[in-house]
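Produce the complete structure using the sequences and hints provided.
As a plain string of letters, each chain reads:
Protein chains: 2
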Amino acid sequence: MKNRVITISREFGSGGRTIGKLTAEALGIPCYDQETITQLMAENGFSEEYVQEYGEYYTQGWINSFLGRTNGPTKQDQLWMFQRKTVIELAEKGPCVFVGRCADYILRDTADCLTTFIHADMDKRAERIVRVYGEQDILPKERLSMKDKRRAAYYQYYTDMRWGDVRNYHVAMDSGVLGIERCAEMLAKLF
Amino acid sequence: MKNRVITISREFGSGGRTIGKLTAEALGIPCYDQETITQLMAENGFSEEYVQEYGEYYTQGWINSFLGRTNGPTKQDQLWMFQRKTVIELAEKGPCVFVGRCADYILRDTADCLTTFIHADMDKRAERIVRVYGEQDILPKERLSMKDKRRAAYYQYYTDMRWGDVRNYHVAMDSGVLGIERCAEMLAKLF
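The listed protein sequences correspond, in order, to chains C and L. For reference, each letter of the first sequence is one residue, going 58 to 248 in the numbering used here. For reference, each letter of the second sequence is one residue, going 58 to 248 in the numbering used here.
Rather than coming from a laboratory, the hints here were simulated on the basis of the structure. A hint or two may mislead.
Copies of the same chain look alike in the list, so a pair counts if it works inside one copy or between any two.
Straight-line C-alpha distance at most 27 Å; calculated DSSO-like pairs for lysine-lysine [as the list claims (entries may be wrong)]: (1) Lys150 - Lys206; (2) Lys132 - Lys204; (3) Lys198 - Lys142; (4) Lys150 - Lys246; (5) Lys246 - Lys78; (6) Lys181 - Lys142.
Given below as structure tokens:
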């Protein structure tokens, strides 16, 4: 019998992580997000900074990436393999929520997944990241655009599927219009 | 005060029309689908067959389509304009559900829309269209593929937006996995 799992893919700043936490709380099951995974990867010898920078964002510059692979897997590939193993092991423990980390793809054959995608329009996300993470040197919209592009590239590279393609998800929701709490309610209800 | 409307875009065979009807029933509001619109267009002088064939499916063959426009709007353009006007007028009457007809785009400025997209995988849709519409000379999967392509082309041509792009919809659901009844329940709840 496969464990039931909710996977949440999300645009940067859409509140996907908060939706994951609220959903997991409502269901009384654990939520594994960037923080949890980073900690587990740190126990496997990866620095926290490296995991945060490369754990679901593709390395910038295709030349680096290409040349890096002529002698076998890159450091990012090794991180991917560790993360993949960790996601599978966590899902084997029992029902849970995963935020990001391509969990929808990784668990497609080993768990009974409800795959979801959370998005919101640029203005709402820009307002939110400044409120949640504070101002940075780079403009909010540029930051969002860069983060989304690198997440999409990472997903595409390791899964060979298109990130954000409506057909890859059982449910997709606009958190900017529906609201973060309501998205979490719907997911808990659908689970 | 804008009227509240649910718009349902859907892949052929995903049960979007049934979801629209069930949602409208649950909310006690009218549902306008292909049948209703075809009837209203027939009253404006378009044959039922023409509306069913070209009311939301793009004309095949770009040469016909291009040459047809050298002397002004084609017959399909005229149908689009009539349908557009009809959708706006119906939405002005009160809260309702629209299935197809690019209602999400048409009503974006005049109604308070919950825009949705219903999809399902090819196997489930193929099984469903044979069960609901019966066998035809053309294989179910070819029929689906052709219908989807023509719907996408129609939507793209008249709205300049990409049909099925997750970011264009407040909610997208896989009816093959979630089930038609549950999709309708979620929409009624979100409304």
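Intra- versus inter-subunit Cα pairing at 27 Å for Lys150 with Lys246
within (22 Å within a copy, 33 Å between copies)
Given identical chains, is Lys246 near Lys78, meaning Cα to Cα at most 27 Å, within a copy, between copies, both, or neither?
both (15 Å within a copy, 22 Å between copies)
State whether the alpha carbon distance between Lys132 and Lys204 is at most 27 Å within one copy, between copies, both, or neither.
For Lys132 and Lys204, the Cα distance is within 27 Å only inside one copy (20 Å; across copies 45 Å).
Is it within a copy, between copies, both, or neither that the alpha carbon of Lys150 lies no farther than 27 Å from that of Lys206?
Answer is neither; intra-copy 32 Å and inter-copy 43 Å both fail.
Up to 27 Å between alpha-carbons, please classify Lys198 paired with Lys142: within, between, both or neither.
neither (34 Å within a copy, 37 Å between copies)
When Cα atoms must be at most 27 Å apart, do Lys181 and Lys142 count as within-copy, between-copy, both, or neither?
For Lys181 and Lys142, the Cα distance exceeds 27 Å both inside one copy (35 Å) and across copies (32 Å).
This entry does not satisfy hints 1, 3 and 6, going by the numbered hints stated previously.
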